[in-house]
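J.: Spelled out from the first residue to the last, the chains are:
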Amino acid sequence: MASELGALTVIFTELYYWLTVVIMFFIHVGFCMYEVGVSRHKNHMHTLMKNTMLIPLVTITFFFFGWWIYFAFPNGPGITGGLVSAPWAEPWNELMGPHMGGNPATDTVTADDTVLWARLNGVFWAAFLLFSWTAASIVSGAVIERVRSFAFWLLAILVGSVTWVIDAAWGWHPDGWMVQLLGYHDAYASGVIHAIAGGSALAYLYLLGPRIGKFAADGTPRDLRPHNPWLVSIGLFLIYTGFWGFYAACNVPIIDVQDGDGTFFSATNIYLQPTTLSAITVNFLMSLSGGLLTGYVMSRGNGFWTYSGGLAGIIAASAGNDLYHPIQALVTAAAGTWFMYVVHNWVERTFKIDDAVGAVAVHGYAGFFGVVVAGFWLWGYPSSPNEAYAAINPVGQFAGAMIMFWVLGFFPALILGLIMKAAGILRIPRAIELAGLDIGEVQSHYTIRDDIRAAEEELARSGAT
Amino acid sequence: MATVESWAGNIQDIGPIYPFVGTEVILWVIGVALWIAWHIWQALNENREYREEAAKYTKGENLLKAIRGDRIT
Numbered sequence: 005m006a007s008e009l010g011a012l013t014v015i016f017t018e019l020y021y022w023l024t025v026v027i028m029f030f031i032h033v034g035f036c037m038y039e040v041g042v043s044r045h046k047n048h049m050h051t052l053m054k055n056t057m058l059i060p061l062v063t064i065t066f067f068f069f070g071w072w073i074y075f076a077f078p079n080g081p082g083i084t085g086g087l088v089s090a091p092w093a094e095p096w097n098e099l100m101g102p103h104m105g106g107n108p109a110t111d112t113v114t115a116d117d118t119v120l121w122a123r124l125n126g127v128f129w130a131a132f133l134l135f136s137w138t139a140a141s142i143v144s145g146a147v148i149e150r151v152r153s154f155a156f157w158l159l160a161i162l163v164g165s166v167t168w169v170i171d172a173a174w175g176w177h178p179d180g181w182m183v184q185l186l187g188y189h190d191a192y193a194s195g196v197i198h199a200i201a202g203g204s205a206l207a208y209l210y211l212l213g214p215r216i217g218k219f220a221a222d223g224t225p226r227d228l229r230p231h232n233p234w235l236v237s238i239g240l241f242l243i244y245t246g247f248w249g250f251y252a253a254c255n256v257p258i259i260d261v262q263d264g265d266g267t268f269f270s271a272t273n274i275y276l277q278p279t280t281l282s283a284i285t286v287n288f289l290m291s292l293s294g295g296l297l298t299g300y301v302m303s304r305g306n307g308f309w310t311y312s313g314g315l316a317g318i319i320a321a322s323a324g325n326d327l328y329h330p331i332q333a334l335v336t337a338a339a340g341t342w343f344m345y346v347v348h349n350w351v352e353r354t355f356k357i358d359d360a361v362g363a364v365a366v367h368g369y370a371g372f373f374g375v376v377v378a379g380f381w382l383w384g385y386p387s388s389p390n391e392a393y394a395a396i397n398p399v400g401q402f403a404g405a406m407i408m409f410w411v412l413g414f415f416p417a418l419i420l421g422l423i424m425k426a427a428g429i430l431r432i433p434r435a436i437e438l439a440g441l442d443i444g445e446v447q448s449h450y451t452i453r454d455d456i457r458a459a460e461e462e463l464a465r466s467g468a469t
Numbered sequence: 047m048a049t050v051e052s053w054a055g056n057i058q059d060i061g062p063i064y065p066f067v068g069t070e071v072i073l074w075v076i077g078v079a080l081w082i083a084w085h086i087w088q089a090l091n092e093n094r095e096y097r098e099e100a101a102k103y104t105k106g107e108n109l110l111k112a113i114r115g116d117r118i119t
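Sequence order for the protein chains is A and B. Using my numbering, the first residue of the first sequence is number 5, and each one after it goes up by one. Using my numbering, the first residue of the second sequence is number 47, and each one after it goes up by one.
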């Protein structure tokens, strides 16, 4: 930090990621509003607490082991090499605490490590943590009004601090084995965040079964409409808002990308390939528009699915939104939204899957679609600045989508859910589900309200004016 | 125990600034223990509440009353 230009670059990068974290917080605000808006009155507090408490649980576990997994697992381990040494990400390392970047106190890190990571480790960690919250929160909405909090929170930790981090190490790291061998490209996380979360949600939904009353006796799905569509609307708008921060956080803001002589400073994507904020900003808006337009048409103007279509559109185009032409982003988003809507309705009718907020559809199916389609649009593009790595191709992208949705999404969640189900602690007891999940201390809120009402009625009967 | 005793020296020599440098592994063990303990407390509490609540609904018309939104005494 002795040179003013060097210090400005580091502190700008620090501030850049800090801002993305603040903006991404809106995603979680939006998810909470969305879920509560969709849930019924008798389940509000349970729904809200289930989502809210994943924040501290994923945060501390991401500190305890999640951050280290990202840096240690790019090789599998066991696919292209062993565990990678990443002392700055170990939870007991001095660089995980406040550090001025000077002489290290231990021999676990070098002076170069401290200079590089002292001011960036915390904000990088926080940006990734907000991705973790998002992944876990996607699952939260799907399973509302029937899952036990304990069973959900274990899944939130599994997805938020383990499985999505492994997939990020594999396919969202400049040296991940999927990038090296498959040519996997997923710049804004169609698969890395969304497909894996959708796959995890589907596993729990399969084991949980539908909410009581969701399906008629003949198997026809009933529309359990949001109790508050305005809360849902604002929630989804806030998720869109947070998504801007999400996109920015997927970039490195300034780095020398020149190979060989000379220097050329640019923003890059997560794979350290040059990109611009301009490019991804236009494509974000075009893919949002493609999703909204298609969602409106497909649902005949249903607000819930129109907004969800906007989100699905962004997710479907995200894998290649660093490289697409804006109209390619628009078309990809429209096609992905159509795909997720059709598949959602087919899965709901055929397998009686009750996805309360359409999370598997919007994140899982649209994310899967986005990864696969990027393999065709971007066929032949380098997946990395390292020319020895495989180029982007349809087979690699399809394999990558399968790994995200099924291998790291569906199956780990299925195993955890089976354990919870065998222990009898996956689903809320039937009587409580019928009466409402807001019980115990939470229910006392309604008791107090009853007391107030009784007092008011007493006053009315006594002739108070 | 103060890790930094003065900001007047050469700042470039300063590394970690939190207290008790060297106790990080102990702090990690404490953190993990607190995390697991929280889950145990929560699971026990959740299971007990569900047992009690479900038992309440088996009595008389209590479940029907609850579905209708009436208060159960």
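Keep in mind that the hints were calculated from the coordinates and are not lab data. Check before you lean on any hint, since a few could be wrong.
No more than 27 Å apart at the CA atoms, straight line, and that leaves these computed lysine-lysine pairs for DSSO-like [said to hold, decoys possible]:
no., chain 1, residue 1, chain 2, residue 2
1, B, Lys102, A, Lys356
2, A, Lys218, A, Lys425
3, A, Lys356, A, Lys218
4, A, Lys425, B, Lys102
5, A, Lys425, A, Lys356
6, A, Lys218, B, Lys111
Reference listing, derived: stretches of chain A covered by chain B, where coverage requires no fewer than 3 residues with Cβ under 8 Å from a Cβ of chain B [as the list claims (entries may be wrong)]:
no., segment
7, 62–72
8, 141–154
9, 317–326
Here are the in silico distance ranges between beta carbons for each label pair [claimed, not checked]:
no., chain 1, residue 1, chain 2, residue 2, range
10, B, Lys111, A, Ala426, 26 to 36 Å
11, B, Leu80, A, Gly80, 56 to 66 Å
12, A, Gly80, B, Lys111, 37 to 47 Å
13, B, Ala83, A, Arg44, 29 to 39 Å
14, A, His45, B, Gln58, 58 to 68 Å
15, A, Leu120, B, Val67, 12 to 22 Å
16, A, His231, B, Gln58, 20 to 30 Å
17, B, Gly68, A, Trp350, 41 to 51 Å
18, A, Val346, B, Ala101, 22 to 32 Å
All residues carry an ideal CB built from backbone N, CA and C; glycine is no exception.
J.: Next step is simple, just say for each hint if it's right about the structure.
T.: Hints versus structure:
A hinted pair counts as satisfied when its Cα atoms are at most 27 Å apart, and lysine 102(B) with lysine 356(A) does not qualify at roughly 31 Å. The suggested pairing of lysine 218(A) with lysine 425(A) holds, with an alpha-carbon distance near 21 Å, which does not exceed 27 Å. A distance of roughly 9 Å separates the Cα atoms of lysine 356(A) and lysine 218(A); the hinted pair therefore holds under the 27 Å criterion. For the proposed pair lysine 425(A) and lysine 102(B), the alpha carbon gap of about 24 Å is at most 27 Å, so the pair holds.
Among the hinted pairs, lysine 425(A) with lysine 356(A) is consistent with the structure: their alpha-carbon atoms are about 18 Å apart, no more than 27 Å. A C-alpha spacing of about 21 Å is found between lysine 218(A) and lysine 111(B), which places the hinted pair at or below 27 Å, so the restraint holds. Coverage of a stretch by a chain is defined here by at least three residues with a beta carbon nearer than 8 Å to that chain's beta carbons; for the segment 62–72 of chain A and chain B the count is 4, and the condition holds. Counting residues of the segment 141–154 of chain A whose CB lies closer than 8 Å to any CB of chain B gives 3, which reaches the minimum of 3, so the coverage claim holds.
Counting residues of the segment 317–326 of chain A whose beta-carbon sits less than 8 Å from any beta-carbon of chain B gives 0, not enough to reach three: the coverage restraint is violated. The supplied range of 26 to 36 Å is met by lysine 111(B) and alanine 426(A), whose beta-carbon atoms lie about 33 Å from each other. A C-beta distance of roughly 32 Å is found between leucine 80(B) and glycine 80(A), which places it outside the suggested range of 56 to 66 Å. The beta-carbon spacing between glycine 80(A) and lysine 111(B), approximately 57 Å, falls outside the hinted interval of 37 to 47 Å.
At about 33 Å, the beta-carbon gap between alanine 83(B) and arginine 44(A) stays in the expected band of 29 to 39 Å. Checked against the hint of 58 to 68 Å, the C-beta distance between histidine 45(A) and glutamine 58(B) comes to roughly 60 Å, which is consistent with it. Hint check: leucine 120(A) to valine 67(B), Cβ distance near 20 Å, so the stated range 12 to 22 Å holds. At about 59 Å, the CB distance of histidine 231(A) to glutamine 58(B) disagrees with the hint of 20 to 30 Å.
Between glycine 68(B) and tryptophan 350(A) the beta carbon distance is about 59 Å. The supplied range of 41 to 51 Å is therefore violated. One distance hint, 22 to 32 Å for the beta-carbon pair valine 346(A) and alanine 101(B), is violated here, with the actual separation near 45 Å.
Hints 1, 9, 11, 12, 16, 17 and 18 from the earlier list are contradicted by this structure; the remaining hints agree with it.
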